[in-house]
Amino acid sequence: MGSDLPDVSQIDRLELFADDYTPVAVIENRDGQRLSLQIYYHAARTFGGIGPKAANSALLRYGEHVADARRNPGKHPNIDRLFDIIINDRFLSVHAVAAGERGSDTRKGS
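The numbering used here puts the first residue of the sequence shown at 1, with every later residue one more than the last.
Quick caveat, the hints were computed from the structure, so don't treat them as lab data.
C-beta atoms are modelled at their ideal positions from N, C-alpha and C, and glycine is treated no differently.
Just to be clear, a hint being listed does not mean it is correct.
With beta-carbon atoms standing in for the labels, derived distance ranges [stated by the list, open to error]:
id : residue 1 : residue 2 : range
1  : Leu5      : His95     : 10 to 20 Å
2  : Pro73     : Ala99     : 28 to 38 Å
3  : Ala98     : Asn72     : 15 to 25 Å
4  : Gly100    : Ala67     : 36 to 46 Å
5  : Val24     : Asn56     : 31 to 41 Å
6  : Asp89     : Asp31     : 11 to 21 Å
7  : Asn72     : Val24     : 14 to 24 Å
8  : Asn88     : Ala67     : 34 to 44 Å
9  : Tyr21     : Asp89     : 17 to 27 Å
Could you build all of it, start to finish, from the sequences and the hints given here?
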């Protein structure tokens, strides 16, 4: 977990999409998800999305949380998603929704 992670104070959430633009997940800028938002945002900016190479890079930034995620599948869904990307050679596109912007709002029930 490096101090070189980006400032995400102006980002409301990240919307993640599969290859066919199917909404996959939303990572919100709130307590409990902020580190994931920073890590995914950094990886997406660096690699142009989240594929296996970006996922490996992101996992390094989670530090000790990775071992906990391996021991407890489902406890850290944002880390589990990175494992899945690597194992299944998947790619997710990432849309950063600025604070105050509507975006596509992939959250269920919205």
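Each hint tested on the structure:
{"no.": "1", "hint": "Leu5 - His95: 10 to 20 Å", "result": "holds (19 Å)"}
{"no.": "2", "hint": "Pro73 - Ala99: 28 to 38 Å", "result": "holds (33 Å)"}
{"no.": "3", "hint": "Ala98 - Asn72: 15 to 25 Å", "result": "violated (33 Å)"}
{"no.": "4", "hint": "Gly100 - Ala67: 36 to 46 Å", "result": "holds (38 Å)"}
{"no.": "5", "hint": "Val24 - Asn56: 31 to 41 Å", "result": "violated (19 Å)"}
{"no.": "6", "hint": "Asp89 - Asp31: 11 to 21 Å", "result": "violated (33 Å)"}
{"no.": "7", "hint": "Asn72 - Val24: 14 to 24 Å", "result": "holds (21 Å)"}
{"no.": "8", "hint": "Asn88 - Ala67: 34 to 44 Å", "result": "violated (21 Å)"}
{"no.": "9", "hint": "Tyr21 - Asp89: 17 to 27 Å", "result": "holds (18 Å)"}
In this structure, the earlier hints numbered 3, 5, 6, 8 are contradicted, and the remaining ones agree with it.
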